[in-house]
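Undergrad: One letter stands for each residue in the lines below.
There are 4 protein chains.
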Amino acid sequence: MVIWSGLRKLCGRGHPSRMSGNFPEVAAKLAAIAQGFHARGWLLGTSGSLSAVVQREPLQLAMSPSGVDKGELRVDQMLAIDEQARIVNRDSGKPSDESLLHIRVVKERGAGAVLHTHSVWNTILSDLYAADGGVKIEGYEMLKGLQGVRTHEHSEWLPIVDNSQDMPSLAESIAQTLNEHKGAHGFLLRRHGLYSWGETLDEAKRHVEILEFLLETMGRTLHLRNAV
Amino acid sequence: MVIWSGLRKLCGRGHPSRMSGNFPEVAAKLAAIAQGFHARGWLLGTSGSLSAVVQREPLQLAMSPSGVDKGELRVDQMLAIDEQARIVNRDSGKPSDESLLHIRVVKERGAGAVLHTHSVWNTILSDLYAADGGVKIEGYEMLKGLQGVRTHEHSEWLPIVDNSQDMPSLAESIAQTLNEHKGAHGFLLRRHGLYSWGETLDEAKRHVEILEFLLETMGRTLHLRNAV
Amino acid sequence: MVIWSGLRKLCGRGHPSRMSGNFPEVAAKLAAIAQGFHARGWLLGTSGSLSAVVQREPLQLAMSPSGVDKGELRVDQMLAIDEQARIVNRDSGKPSDESLLHIRVVKERGAGAVLHTHSVWNTILSDLYAADGGVKIEGYEMLKGLQGVRTHEHSEWLPIVDNSQDMPSLAESIAQTLNEHKGAHGFLLRRHGLYSWGETLDEAKRHVEILEFLLETMGRTLHLRNAV
Amino acid sequence: MVIWSGLRKLCGRGHPSRMSGNFPEVAAKLAAIAQGFHARGWLLGTSGSLSAVVQREPLQLAMSPSGVDKGELRVDQMLAIDEQARIVNRDSGKPSDESLLHIRVVKERGAGAVLHTHSVWNTILSDLYAADGGVKIEGYEMLKGLQGVRTHEHSEWLPIVDNSQDMPSLAESIAQTLNEHKGAHGFLLRRHGLYSWGETLDEAKRHVEILEFLLETMGRTLHLRNAV
Numbered sequence: 005m006v007i008w009s010g011l012r013k014l015c016g017r018g019h020p021s022r023m024s025g026n027f028p029e030v031a032a033k034l035a036a037i038a039q040g041f042h043a044r045g046w047l048l049g050t051s052g053s054l055s056a057v058v059q060r061e062p063l064q065l066a067m068s069p070s071g072v073d074k075g076e077l078r079v080d081q082m083l084a085i086d087e088q089a090r091i092v093n094r095d096s097g098k099p100s101d102e103s104l105l106h107i108r109v110v111k112e113r114g115a116g117a118v119l120h121t122h123s124v125w126n127t128i129l130s131d132l133y134a135a136d137g138g139v140k141i142e143g144y145e146m147l148k149g150l151q152g153v154r155t156h157e158h159s160e161w162l163p164i165v166d167n168s169q170d171m172p173s174l175a176e177s178i179a180q181t182l183n184e185h186k187g188a189h190g191f192l193l194r195r196h197g198l199y200s201w202g203e204t205l206d207e208a209k210r211h212v213e214i215l216e217f218l219l220e221t222m223g224r225t226l227h228l229r230n231a232v
Numbered sequence: 005m006v007i008w009s010g011l012r013k014l015c016g017r018g019h020p021s022r023m024s025g026n027f028p029e030v031a032a033k034l035a036a037i038a039q040g041f042h043a044r045g046w047l048l049g050t051s052g053s054l055s056a057v058v059q060r061e062p063l064q065l066a067m068s069p070s071g072v073d074k075g076e077l078r079v080d081q082m083l084a085i086d087e088q089a090r091i092v093n094r095d096s097g098k099p100s101d102e103s104l105l106h107i108r109v110v111k112e113r114g115a116g117a118v119l120h121t122h123s124v125w126n127t128i129l130s131d132l133y134a135a136d137g138g139v140k141i142e143g144y145e146m147l148k149g150l151q152g153v154r155t156h157e158h159s160e161w162l163p164i165v166d167n168s169q170d171m172p173s174l175a176e177s178i179a180q181t182l183n184e185h186k187g188a189h190g191f192l193l194r195r196h197g198l199y200s201w202g203e204t205l206d207e208a209k210r211h212v213e214i215l216e217f218l219l220e221t222m223g224r225t226l227h228l229r230n231a232v
Numbered sequence: 005m006v007i008w009s010g011l012r013k014l015c016g017r018g019h020p021s022r023m024s025g026n027f028p029e030v031a032a033k034l035a036a037i038a039q040g041f042h043a044r045g046w047l048l049g050t051s052g053s054l055s056a057v058v059q060r061e062p063l064q065l066a067m068s069p070s071g072v073d074k075g076e077l078r079v080d081q082m083l084a085i086d087e088q089a090r091i092v093n094r095d096s097g098k099p100s101d102e103s104l105l106h107i108r109v110v111k112e113r114g115a116g117a118v119l120h121t122h123s124v125w126n127t128i129l130s131d132l133y134a135a136d137g138g139v140k141i142e143g144y145e146m147l148k149g150l151q152g153v154r155t156h157e158h159s160e161w162l163p164i165v166d167n168s169q170d171m172p173s174l175a176e177s178i179a180q181t182l183n184e185h186k187g188a189h190g191f192l193l194r195r196h197g198l199y200s201w202g203e204t205l206d207e208a209k210r211h212v213e214i215l216e217f218l219l220e221t222m223g224r225t226l227h228l229r230n231a232v
Numbered sequence: 005m006v007i008w009s010g011l012r013k014l015c016g017r018g019h020p021s022r023m024s025g026n027f028p029e030v031a032a033k034l035a036a037i038a039q040g041f042h043a044r045g046w047l048l049g050t051s052g053s054l055s056a057v058v059q060r061e062p063l064q065l066a067m068s069p070s071g072v073d074k075g076e077l078r079v080d081q082m083l084a085i086d087e088q089a090r091i092v093n094r095d096s097g098k099p100s101d102e103s104l105l106h107i108r109v110v111k112e113r114g115a116g117a118v119l120h121t122h123s124v125w126n127t128i129l130s131d132l133y134a135a136d137g138g139v140k141i142e143g144y145e146m147l148k149g150l151q152g153v154r155t156h157e158h159s160e161w162l163p164i165v166d167n168s169q170d171m172p173s174l175a176e177s178i179a180q181t182l183n184e185h186k187g188a189h190g191f192l193l194r195r196h197g198l199y200s201w202g203e204t205l206d207e208a209k210r211h212v213e214i215l216e217f218l219l220e221t222m223g224r225t226l227h228l229r230n231a232v
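Chains as they are written, first to last, in our numbering: chain A, 5 to 232; chain B, 5 to 232; chain C, 5 to 232; chain D, 5 to 232.
Just so you know, the hints here were simulated from the structure itself, not pulled from any lab data.
What you are looking at is a predicted structure, and each value in this text was computed from that prediction instead of being measured.
Just so you know, not all the hints are guaranteed correct.
[Said to hold, decoys possible] Cross-link-like lysine-lysine pairs, in silico, DSS-like; alpha carbons within 30 angstroms at most:
| no. | chain 1 | residue 1 | chain 2 | residue 2 |
| --- | --- | --- | --- | --- |
| 1 | C | 148 | D | 111 |
| 2 | D | 148 | A | 111 |
| 3 | B | 111 | A | 148 |
| 4 | A | 148 | B | 98 |
| 5 | A | 98 | D | 148 |
| 6 | C | 148 | D | 148 |
| 7 | B | 148 | C | 140 |
| 8 | D | 148 | D | 98 |
| 9 | D | 98 | A | 140 |
| 10 | C | 111 | B | 148 |
| 11 | D | 98 | C | 148 |
| 12 | B | 148 | C | 98 |
[Stated by the list, open to error] Some chain D residues well away from chain A (every beta-carbon gap over 12 angstroms; in silico):
| no. | residue |
| --- | --- |
| 13 | 44 |
| 14 | 61 |
| 15 | 88 |
| 16 | 111 |
| 17 | 113 |
| 18 | 131 |
| 19 | 143 |
| 20 | 146 |
| 21 | 163 |
| 22 | 166 |
| 23 | 172 |
| 24 | 178 |
| 25 | 179 |
| 26 | 182 |
| 27 | 194 |
| 28 | 210 |
[As the list claims (entries may be wrong)] One side only, chain D facing chain A, incomplete, derived with CB under 10 angstroms:
| no. | residue |
| --- | --- |
| 29 | 40 |
| 30 | 43 |
| 31 | 157 |
Glycine residues also receive a C-beta, built at the ideal position from the N, C-alpha and C atoms.
Turn these sequences into a full structure, and let the hints guide you.
TA: Encoded structure:
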C-alpha cells in the first residue's frame, strides 16, 4: 500500500525525460524487498543499500537513499542516479554512500541489480574468516540456487574485502577482487556486510537469501564442532 | 489476497478436463503454506518444494514450480503434474527438479501431501549425524503430534540419505530407506533438507513444524552439553 | 478478520443457555493469542493449549480444541468445557488432552486463564535442569512483570514436573507441586513445555512472555559461560 | 489501524490546553515503534518504555503507560507527562516506573526521544560485562549509523549501570554516567535493558536497532571464539 501510493506522485515530478520508463516498477520492487529484508533483521538502523539498473546507455540506477529506515522505505524516496552517482530524478535527496560500489559491481558483472545487507551472521563471518581472505562454502544443495551452479558439489568462494570509508579506493579493491574471482556471486566487506547481485532483481534477491542462509548455517555449525 | 485472486484466472485456462476439481483449493493452500514457511526461513532462495495429491487414479499432484520465490508464490503459478512429473494443466512452466521424489514418497507411503524444507537446523543436523545414517529423536512430548504416536516415550528415527543430483537414482535410495524404516515420518537429505508428508496437507504441515522444532531443539541442546 | 468473522456463527449455535455471556469475547482473545504465539514458534505442530474461565459457578472454561493448527485457530472452533472437561457448547469437537491440567491450575491458583506453550528454550531447560527439580531465575528486572513481584531482587523457582500421558495422575503431581511452591508463576513439564497463568488473560499472556524471555536468556547465557 | 483510530478520541479529551499540538502524531509514532519492537521480542511482557518530547518549555513528554502490552499499545493509552512525571493529559493512567529516567536522559542529552528495550542479548551482555563497567564496541561499519560517527574506526563505550528500584537514585547514577561518557549513544542497566535516545524519534529508533544488532553480533561472536 505504502509502496504503490507513492507511484503516482513520483511519476509526476523529478526529471521524467531522463528517467527510464520502468523506474516506478523497479522502485516499488526495491522498496518491497527492503521491507522484507528489514523484517529479517538484515537492514537494521538504516543500514544496507539496494539498487537496480533501469537503463544501460547511459547507465541509470534506481537506488535507495541514504539514512532512511528500510522498514518504511517509500517509492517516492527512491532515487535515480547516473554512473557518477548523481541524482537525476529529483532536486533533493542523498544517494547511499556506497552508490559507487553498486555502480562498480554493475559494470564489472553486467548485473541488473545489486543488494547489500548487514546481517548478524554475515558480519560475524566476514571477520572470522578475514585472515583467509574469504569464506569457502561447499557441498550444500542450497548452492544450486546460485546462477549457473548445477550441483551441490560446487565450491563457492565468497571473497572478503577490507572495509574502508574511501569509496573510490574501495571500489577499486572490489573491482580487483571481482576480477580475481570471476565465479563469485557475492563478496563480504569485513565487519560490514554482504554484497550480492543478479541479472534481475529477482535473481539478486535469491542470491542474498541463499548466501545469508549459508553463512548462518556455517556459523551455527562452527558452534557445534566437536559437540557430537 | 494474492492467493485467491489467482483462482479465477487459473480455473479458466490450462487443461481443465484433466485436472481434479479440487486443484484450485489445494493450490491455494500450498501457496499459503509456502508463504508461511518462507517467512520462517525454511524456503529461502526459491529452495524447497510442496505438493499435494489432487487425484489418485491416474495420479495427479498439485506441485510448486521450480525457481519461484516461495514468499510470493501465486496460485496461478502452481502446476498439476502426472506420475511421470509431466505438467498437465499448462503449456509452460517447469516443475521442481525434485518432483520425482515427491511422487515416490506419495507412492511408498500413500501420502496425500509432501513438503520439503531447507532450514538452517535441518541442514546442520543432516550433516552432523550423517555418519550415523539418521537422527534419533526420543522422549519429547512434541513427538505425539506425529501421526500414530501416542506417547512422548517414542523413539523416532529420521533417516539421512546422501544427496545426489541424479533424481531417478535418488528416488530409488529414498524408496529403499522408506522401506527399511516403515515408521519414519520424514527423512533428511544430507546438507540439503527435510522431507515430510501426511495423509492430508494439514498433517504434512504439522509434521514439518514438529520435525523442524525438534531438530532445532536438539541442535541447541548440543551447544549446551557439559554447560551445566 | 478470521477471528471476528466466526463470532456471529458461533453465537448462533451450540448450547447458548449453558454458555457464559462473555464466551465469544474470550474465545476471540484466545484465538488472537494463539496466532501470535504460533508466529513466535511457541505453538508449532498443533502443540500447546489455551484456556480462560468464562464462569466460576459452575466452572466453565473456553478452551482450545485438540489437534488444531494454532496459527489458524478460529473462534468457531473454540470449545466451552465444564470442570470434568466435557464440551458444553457443541455437539462435536475434542478438547485438548491436557484440559484436566488447565482445570487443576484454575482450581489450585484461582486463575482466570491458563496458557501452555512448547518453545525450543522451555523444552531445553526443562530437561537440562530436571535433576534439580526446577529452574531458579533471579536478579532480572524482567521478573518485576510477574504478578506481586516488586523488585529484580526476586528469586523465582520454576518447578519441573516429570512428563506423563496419565492425565489424572499428572494433574495430581501438578497440584502437589503447586502446593509446595505457592509463589510459583508457572511450571515446566520435562521435555514438554511451560504452563503459566494469571488472574486475567492479559496477565497470563504477560507471564508467558516473561518466562519464555527469561528461559531463552538463561539458555543463551549458559552458552557463554567461561567465554569472556 | 489501531493506532490512528484512537486519535480522534484522544484529541477530544484530557487537558488539551496543556498538551502540545503534535502530541497525537508523536503518540502514534511511539505506538507504531512499540508494536515493531514487540514483534522483534525487545518489549515482551509489558517491559520497556518509550517517550518523545512534545514541548520543551515547560517540558512535556509523550510516554508509554505502565503495564500495557507493547504489541497492542494504542494511541489513546499514551500519556503526556511533565518534568515531575505527572500526567497532564488524562485523569487516570499510570506512567512507566522509569519515567524519571527518561526525563533525566532528555535533560542531560537534550534528546528529543528516549527508547528503552529489554532484549535477550542486551540483558545477557549487560551482565557479562558488568565487571568492566561497560561494553566496548569497535570496528563495525554499523557504528556509522550512530549520530556523529563518520567511520567504522570508532570505539563506542556503552556504559553499564547497576540496576535499582530506587528511581531518583538511579536517575542520579545515570546522570553521572552520562557526564563521564559524553560520547555515549546509550547505556545498559545490568540484567535489565538498554536505553538509547536521539534528537528525533527516527534517530532514537535507528540507535536502538544499531545497538541491538551490535550486541547480538558481539554475543554470538563470543560463542565462536577459538572455534576456527
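Undergrad: Each hint should be assessed against the structure and marked as holding or not.
TA: Here is what the structure says about each hint:
1. This hinted pair checks out: residue 148 of chain C and residue 111 of chain D have alpha carbons roughly 27 angstroms apart, not beyond 30 angstroms.
2. A distance of roughly 27 angstroms separates the Cα atoms of residue 148 of chain D and residue 111 of chain A; the hinted pair therefore holds under the 30 angstroms criterion.
3. Of the supplied pair hints, the one linking residue 111 of chain B and residue 148 of chain A holds, its CA atoms being roughly 27 angstroms apart against a limit of 30 angstroms.
4. Proposed proximity of residue 148 of chain A and residue 98 of chain B is supported: the alpha carbons are some 16 angstroms apart, at most 30 angstroms.
5. Our distance criterion of 30 angstroms between C-alpha atoms is met by residue 98 of chain A and residue 148 of chain D, whose separation comes to about 16 angstroms.
6. Restraint check for residue 148 of chain C and residue 148 of chain D: not satisfied, since their Cα atoms lie roughly 35 angstroms apart, outside the 30 angstroms limit.
7. For the suggested pair residue 148 of chain B and residue 140 of chain C, the alpha carbons sit about 29 angstroms apart, so the restraint of at most 30 angstroms is met.
8. Between residue 148 of chain D and residue 98 of chain D the alpha-carbon distance is near 37 angstroms, which puts this suggested pair outside the 30 angstroms criterion.
9. For the hint linking residue 98 of chain D to residue 140 of chain A, the alpha-carbon distance of about 55 angstroms lies beyond 30 angstroms, and the restraint is violated.
10. Between the alpha carbons of residue 111 of chain C and residue 148 of chain B the distance comes to roughly 27 angstroms, so the proposed pair stays at or under 30 angstroms and holds.
11. Between residue 98 of chain D and residue 148 of chain C, the direct Cα distance comes to roughly 16 angstroms. Compliance with the 30 angstroms bound is thereby established for this hinted pair.
12. A threshold of 30 angstroms between alpha carbons decides the hint, and for residue 148 of chain B with residue 98 of chain C the separation of about 16 angstroms falls inside it, so the pair holds.
13. At roughly 8 angstroms from the closest C-beta of chain A, the C-beta of residue 44 of chain D falls inside 12 angstroms, breaking its exclusion from the interface.
14. Interface exclusion of residue 61 of chain D from chain A stands, the closest Cβ pair being 29 angstroms apart, more than 12 angstroms.
15. Every CB of chain A is more than 12 angstroms from the CB of residue 88 of chain D (nearest about 33 angstroms), matching its label as outside the interface.
16. No beta-carbon of chain A comes within 12 angstroms of the beta-carbon of residue 111 of chain D; the shortest separation is about 25 angstroms.
17. Every C-beta of chain A lies more than 12 angstroms from that of residue 113 of chain D, the closest at about 19 angstroms, which supports listing it as non-interface.
18. With a minimum CB-CB distance of about 20 angstroms to chain A, residue 131 of chain D clears the 12 angstroms threshold, and the non-interface call stands.
19. Not every C-beta of chain A lies more than 12 angstroms from that of residue 143 of chain D, the closest at about 5 angstroms, which undercuts listing it as non-interface.
20. For residue 146 of chain D, the requirement that its beta carbon stay farther than 12 angstroms from each beta carbon of chain A is not met, with the minimum near 6 angstroms.
21. Here residue 163 of chain D stays apart from chain A, with its beta-carbon at least about 20 angstroms from theirs, past the 12 angstroms limit.
22. A cut-off of 12 angstroms between C-beta atoms confirms that residue 166 of chain D is not in contact with chain A; the least separation is 28 angstroms.
23. Residue 172 of chain D, annotated as away from the interface, keeps every beta carbon of chain A farther than 12 angstroms; the closest lies near 33 angstroms.
24. In this structure residue 178 of chain D is separated from chain A by more than 12 angstroms, as the shortest Cβ-Cβ distance comes to about 23 angstroms.
25. Separation of residue 179 of chain D from chain A is adequate, the least Cβ-Cβ distance of about 26 angstroms exceeding the 12 angstroms criterion.
26. At roughly 21 angstroms, the least C-beta separation between residue 182 of chain D and chain A is larger than 12 angstroms, which holds for a residue marked as non-interface.
27. The beta carbon of residue 194 of chain D sits about 23 angstroms from the closest Cβ of chain A, which is more than 12 angstroms, so the claim that it is off the interface holds.
28. The claim that residue 210 of chain D is not at the interface with chain A is violated, since a C-beta of that chain comes within 12 angstroms of its own (minimum 5 angstroms).
29. The beta carbon of residue 40 of chain D comes within 7 angstroms of a beta carbon in chain A, closer than 10 angstroms, and the hint placing it at the interface holds.
30. The beta carbon of residue 43 of chain D is positioned within 10 angstroms of a beta carbon in chain A (closest approach about 8 angstroms), and the interface hint is therefore held.
31. Annotation: residue 157 of chain D was flagged as interfacial toward chain A, and the flag holds, the nearest CB pair being 8 angstroms apart, inside 10 angstroms.
Against the hints set out earlier in the document, violations occur for numbers 6, 8, 9, 13, 19, 20 and 28.
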